[in-house]
Amino acid sequence: MTRLERSLIDAAARLVPLSYRQTFVGDLLEQYERRRRSAGPTAARIALVAEIIHSAPSLTRWRLTRGVVMNTHARSQDPFHMGRLTPGATAGRALGLFKSFYLRALAVFLLVHFPLRMVGHFVRSDEAIAAALQSVALQALLANGLLLISWTLVEGTLLATLVQRRRGHEIGIPAALKESLRRFPTFLAARTLFLLAVAAGSVVLIVPGILATCLLMLHGWLIFDRGLGALAALKESARIVKSRLRKTLGLSLPVAGMTLVWVALGVLFVAQTLRFTAPLMPIFKIAPFTMTLMETGFVLFTILTGILYANYSPNGSSLEESPV
Amino acid sequence: MDRTEHRRHTRRERLRRHSGHSNFYNVEYDAVIGSFEQMVLLAVVRLGDRAYGMAIREEIAERTGRQASLGAVYATLDRLTAKGFLKVGSGPGGAIRGGRPRRFFTMRAPGRRALEASLESLQRMLSGVPLGDLRRKLG
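Which chain is which? The protein sequence lines are A and B, in order.
Those letters in the first sequence? Residues 1 to 324, per our numbering, in order.
Those letters in the second sequence? Residues 325 to 463, per our numbering, in order.
Be aware that one or more of the hints could be misleading.
[To be verified] Only some residues are given here: those of chain B computed to face chain A with a beta carbon under 10 Å:
#	residue
1	Y376
2	G377
3	S393
4	Y398
[To be verified] Chain A regions said to be covered by chain B (calculated; three or more residues, Cβ under 8 Å):
#	region
5	29 to 38
6	49 to 62
7	206 to 212
8	228 to 242
These are calculated hints, taken from the structure and not from any lab test.
Built from N, CA and C at the ideal position, the CB exists for glycine as well.
All chains, please: the whole structure from these sequences, using the hints.
In structure tokens form, the structure reads like this:
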């Protein structure tokens, strides 16, 4: 596709209300690609230009009756979109969303994460399993694998809910869980690659780990909002954040701090709870529950990535930064 | 506000809320649909769970010969959604669309009712009109 065609698509897309923009561009690209395969690139190019010219009057009318208002309206309805991104305002918005979302997040954690965490904890601490596996490393790998699966499922469920909330819809936990399961393989692959990149960066020095986290942290939103594959989502995340790396670091620091405070409070809570309950009941029965409370702090960070995603590419549109 | 008026008001409010729009379009006219809207609704019914913008446009072109633009189809779909006739869902995009999602449309009960009412009124207008062959063709 030449630069002219990209510019044409970009121009046409700007006439489409934000909530329809990605779908409209997707349809144009699909039509172009199909025509290119069946009749060659020249015919595809002519059809694309004809389609855009043919669509222009309808799009302008649509924009005038709805789009001009809708543009602002869609943004004002999007709880993640902010007028001006400053570290303080970002932290405040993240905290506000966290408060309004916390009970839902806790329910998801208790329904999805808690059972798998219990199993993981059991696998890690049970002597019979250790004897059967005959390897401490294998036992730890199994327990951590369960945690990773659980965490990915939970975050997928939360992301599916938040993506719909950005679009002005509310979905229940079962529907969100179903969506999370549908995208599970992709998200798990992306999450594993993300963790490997962050771990590799952190082993070398702390700074490359932080940079890798910043660059790749939008991958979940890209998978759930735009339906990208694992590698494509990581690459797109890096592309979006790359030009705003310093700004992203600045914006993330207060939220990272709040997350750490929450987790620290959680650790204190766990320690206190265990002090009183450990003599009364086995630790593995109570620890996953208290740790679940602690881990909800990481939801704050998911919300931060949502705020950055919404403001770096409103309504998931990459057209704001570059042509298609 | 009497009971009937209240019921009508709450139904309209429910439709407005369900569509996720504020009142961009005049939802008062929710029962009135134009000929192109009729075509789009019929295409959505025909396509079932595969009804997205481009497929709807192709279905209309294939069955009626009318080459509607993608922009016109999307503007109509948006209007019908705002009226509460269609439900929107999203599906995976795939590489052919550069990862951009598809937006699938399915018919809601008010849409079905409006379409039936519109086709019935067309039938009633046709009955008794001496159009000969044309009327027989339109059936």
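Hints and how they fare:
1. Y376: Y376 (chain B) check passes; min Cβ-Cβ to chain A is 7 Å, inside 10 Å.
2. G377: holds, 5 Å
3. S393: holds, 4 Å
4. Y398: Nearest chain A Cβ about 6 Å off; hint holds.
5. 29 to 38: It holds: at least three residues are needed, and the region 29 to 38 of chain A offers 5 whose Cβ sits within less than 8 Å of chain B.
6. 49 to 62: With 9 residues in contact (Cβ-Cβ under 8 Å with chain B), the coverage given for the region 49 to 62 of chain A holds.
7. 206 to 212: Violated: only 0 residues of the region 206 to 212 of chain A have a Cβ under 8 Å from chain B.
8. 228 to 242: holds (count 4)
When the structure is compared with the earlier hints, a violation turns up for hint 7 alone.
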